[in-house]
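Based on the sequences and whatever the hints tell you, model everything.
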Amino acid sequence: MRSYLLRRLPSALLVLLLASFLIFAILRLVPGDPASSLAGPDASAATVAAIRERLGLNAPLLTQYTSWIGDLARGDLGPSYAIGGDTADLIRDGLGATVELTLGALLFVILLGTAFGVLGATSRRRWVRGVVRVATTGALAVPPFVTGVLLVLVFAVTLGVLPPGGRVPVLSAPDLGVQYLLLPSLCLALPSAAVLGRYLKDGIERTLAEDYMRTATAAGVTPRRLLWRHAMPNALPPVVTLLGMQTGHLLGGAVLVEAIFAWPGLGQLAEAGLTRRDYPVVQDLLLLLVAVFVLGQLLTDAVYAWLDPRIRWE
Amino acid sequence: MTEQYPFTPPDVSRRSTLRAAGAGALLAGLGGLTGCRSAVSEANSSAKEARSQPKRGGILSVAVNTDFTPSLLFAQSSQSYQHRLLYNTLTRYDDGLKPQPELATSWDYAADGRGITLKLRDDVTYHDGRKFTADDVIFAVKNLQNPVRAAQLRATALAVSGFEKRGDHEVVLKLAHPVANLFDLFEFMIITDRHSVEDAVKGTKLNGTGPFRLKKWSPGSGLSLVRNDAYWQPGRPYLDGVELRVMAQADALVSSLRSGQSQLSYQVPGKSLAAVKGNPDLTITSYDTGDGAAYVGVNTTVAPLDDKTVRQAVAWALDRERIVDQTLGGYGLASAAPWPKSSPAFTEAGRTHYTHNPAKARRLLKSAGLTRLRLPLLHLSLPGETAIAESVQYDLKQVGIAVELQPTDPATAQKKLISQDMPALWTMSHGFAQVQPSTLAVSAYPFNEAKNTSKYHSAAYTKVVREAWTTRDTAGAATNAQYRKISGILLDQAFIIDLAIRGRVQVASKKLHGVTLNKFSYLNLDDAYLV
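First to last, the protein sequences are chains A and B.
Counting with numbering that gives the first Met the number 0, you get residues 0 to 313 for the letters of the first sequence.
Counting with numbering that gives the first Met the number 0, you get residues 0 to 530 for the letters of the second sequence.
Please keep in mind that the hints were generated in silico from the structure rather than gathered at the bench.
Please read these numbers as outputs of a predicted model, since none were measured by experiment.
It is possible that some hints are incorrect.
As the list claims (entries may be wrong) - Examples of chain B residues lying across from chain A (beta carbon under 8 Å, computed): (1) Q144; (2) P146; (3) V147; (4) G202; (5) K214; (6) G240; (7) S255; (8) Y393; (9) T411.
For each residue, glycine too, the CB sits at the ideal point set by N, CA and C.
Structure representation (structure tokens):
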């Protein structure tokens with residue numbers, strides 16, 4: 000296994016190297032530059048030139064690139080040009096916020112998805128099934144930027160029970176942090192919860208129609224036990240696979256929800272970095288995403304190789 | 000017929016429904032974790048506790064749409080609210096542009112305009128306990144002379160050619176020539192700790208003499224400030240602290256105000272002001288001194304805009320009143336000249352020099368041999384700016400000028416502006432008309448007499464600007480005559496076509512009192528309190 004991974008490592012590093020080069024080049028091709036962005040609309044040419052010099056933008060591109068990669072290899076992400084502070088701190092804080100939001104949303108997806116699935120599949124009352132159907136259709140059809148505004152209007156502006164935006168980290172002040180987390184995570188979760196609920200409903204209905212369920216019923220198993228001990232375990236595997244895929248969607252969707260709820264995550268950081276041409280922040284952030292993807296691929300390959308020895312010897 | 004469910008399905012009974020509802024309520028009520036604080040009441044509690052009269056205590060939450068940018072600490076930017084909270088300036092202007100004491104208690108401007116003697120407060124300390132002295136003033140001026148600081152008033156700082164320290168609390172600034180906008184510099188220049196200035200521009204240490212100390216800066220979230228108990232103004236500030244919350248999206252910012260999470264903002268977009276206006280808990284105050292103006296810039300090297308008749312036709316074609324009403328929510332002053340009403344250069348004749356007169360615009364175009372024209376117009380790809388550009392496009396279409404809009408992100412537009420790379424027309428905002436008129440022509444790049452985006456050059460403009468800038472006096476008949484000459488050239492040559500003075504619009508909770516802004520939009524909360 001170790002030799003297999005060692006064989007895969009060079010190609011992963013090559014992908015990272017190529018990605019770093021592309022990210023560096025593309026950012027320089029985008030119009031506008033950090034110096035004039037920092038200098039402001041009333042700056043003189045002397046001011047722009049001085050800022051360019053201070054940021055090291057007058058150095059040859061190859062020098063700038065090798066300097067970036069060299070610093071990165073030493074674990075030094077350097078200071079941000081425009082946003083301020085250290086790039087590593089900015090990315091760490093943004094990542095923490097985005098992960099917190101995604102985990103909160105994941106919790107809502109599981110809770111709401113399960114509720115939708117169970118109620119939709121098992122309720123004898125037509126109106127309950129109708130309500131579930133309308134709710135899941137609505138959650139799927141209404142985009143998060145509409146849901147977000149509505150949630151804020153109801154819970155923050157009209158009822159005044161939850162804050163409309165901002166963040167207090169859950170780990171630093173759990174009681175406040177959870178309240179800040181509720182609306183954005185619910186907004187982010189709704190479409191995925193609807194998808195999950197529909198999959199779960201179908202799965203439960205299929206399982207409940209199996210012969211062994213009839214047998215269990217005849218044997219006197221209570222409906223509750225039938226559902227939670229027999230039907231659910233059989234309906235869950237495809238739903239769990241779907242949940243894994245939805246987690247990726249949640250991370251992607253977090254960018255929009257962060258903007259609506261002023262949530263200082265990676266999406267907001269990337270937007271601020273791009274708007275101000277903050278090269279270090281954008282470069283490191285994009286490379287981090289590529290690294291996560293490459294690592295994910297490497298892990299997947301490792302799992303496949305572990306499961307199927309033939310792959311290790313190819 | 001096959002029965003779908005060969006058993007009685009586990010239905011949702013009333014009891015289980017109630018249980019589920021209870022669980023849901025528990026989830027929704029996570030905020031009500033037993034004995035825990037409420038994030039909403041946490042934000043509002045300070046306001047509720049206070050009653051009437053100035054009273055100590057409370058945290059003020061200010062909603063801003065851009066985060067503090069430490070690298071722009073010494074430049075005027077769209078977010079300078081924290082400057083006067085953390086730092087002080089040497090003097091501050093009153094509404095009539097008359098300087099008032101702050102860290103400088105008095106001043107004596109030499110009759111020949113070649114120096115100014117400043118007497119400084121001797122009871123001021125920085126947040127870290129160090130005493131404020133004349134060396135800090137000398138450093139502050141030298142710091143702004145450094146081009147890396149991107150200070151728009153660098154030209155004025157560079158006019159200071161020497162320093163003479165007379166003890167720890169008196170200093171003479173020697174001037175290379177008389178400077179009309181010296182007190183603009185003193186209003187603009189924050190007095191920072193000279194030992195930690197490099198940390199300040201990184202945002203890691205903001206050590207000033209202001210009424211509040213930095214508690215925490217969370218990039219992307221905002222600034223958290225606490226009262227400076229050793230502030231030199233006795234009994235001030237009243238507030239325990241200030242939070243500057245970043246709400247980049249306009250809807251989030253407005254919701255923050257409407258829900259009471261924030262009590263103050265200056266960045267509610269024009270189109271959202273109507274929604275805020277009806278809220279009984281909020282008040283809207285417009286600062287008619289203005290802090291910027293929307294304009295259409297003209298590249299005078301692009302034919303046929305090299306002919307001033309065509310530029311004037313554009314100026315006559317624009318409906319400024321409609322632009323104020325529709326894009327600025329009615330908060331602004333339609334004006335053909337750059338000056339707000341508080342400026343010594345303001346005249347009603349200048350403001351209304353160009354009014355909406357499409358017939359006259361068509362006549363001028365015809366006299367220039369043109370009936371139809373196609374021109375590009377660059378604008379910032381932001382909602383408010385796009386609305387202005389579309390209004391301009393509509394107006395120009397009425398006189399036969401087809402405008403092709405070029406939405407551009409701010410960073411790219413800024414580079415094009417500075418590098419004189421703008422297309423035939425562009426629309427943006429300029430600052431610096433709210434202070435001494437000469438500052439506009441030496442510090443605002445679009446108007447700069449030596450080099451500007453319009454590539455407009457004129458010996459007469461350079462002469463009158465230099466004369467207005469290098470005079471000691473800022474009032475009087477001669478000075479006013481120079482201001483009129485500057486206005487006359489700007490209006491006649493129309494290389495910058497002003498549209499509207501954008502007044503700073505303050506949306507505040509009715510519980511908040513005593514808030515002021517300086518001419519560079521530094522928030523002053525010395526006397527602010529919550530009732």
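Against the structure, the hints come out as follows:
This hint is violated: B/Q144 has a C-beta 11 Å from the nearest C-beta of chain A, more than the 8 Å allowed. Evaluation of the B/P146 hint against chain A yields a held restraint, the C-beta minimum of about 4 Å falling below 8 Å. The beta carbon of B/V147 is positioned within 8 Å of a beta carbon in chain A (closest approach about 5 Å), and the interface hint is therefore held. At about 4 Å, the closest approach between the beta carbon of B/G202 and any beta carbon in chain A falls short of 8 Å, and the interface hint on this residue holds.
Of the supplied interface hints, the one on B/K214 is violated, with its beta-carbon coming no nearer than about 14 Å to a beta-carbon of chain A, more than 8 Å. The restraint placing B/G240 at the interface with chain A is violated, with a minimum CB-CB distance near 15 Å, outside the 8 Å limit. Below 8 Å, beta-carbon pairs count as interface contacts, and B/S255 has one with chain A at about 5 Å; its hint therefore holds. Because the beta carbon of B/Y393 sits about 25 Å from the nearest beta carbon in chain A, more than 8 Å, this interface hint is broken.
Checking B/T411 against chain A: minimum C-beta separation of about 4 Å stays under 8 Å; hint holds.
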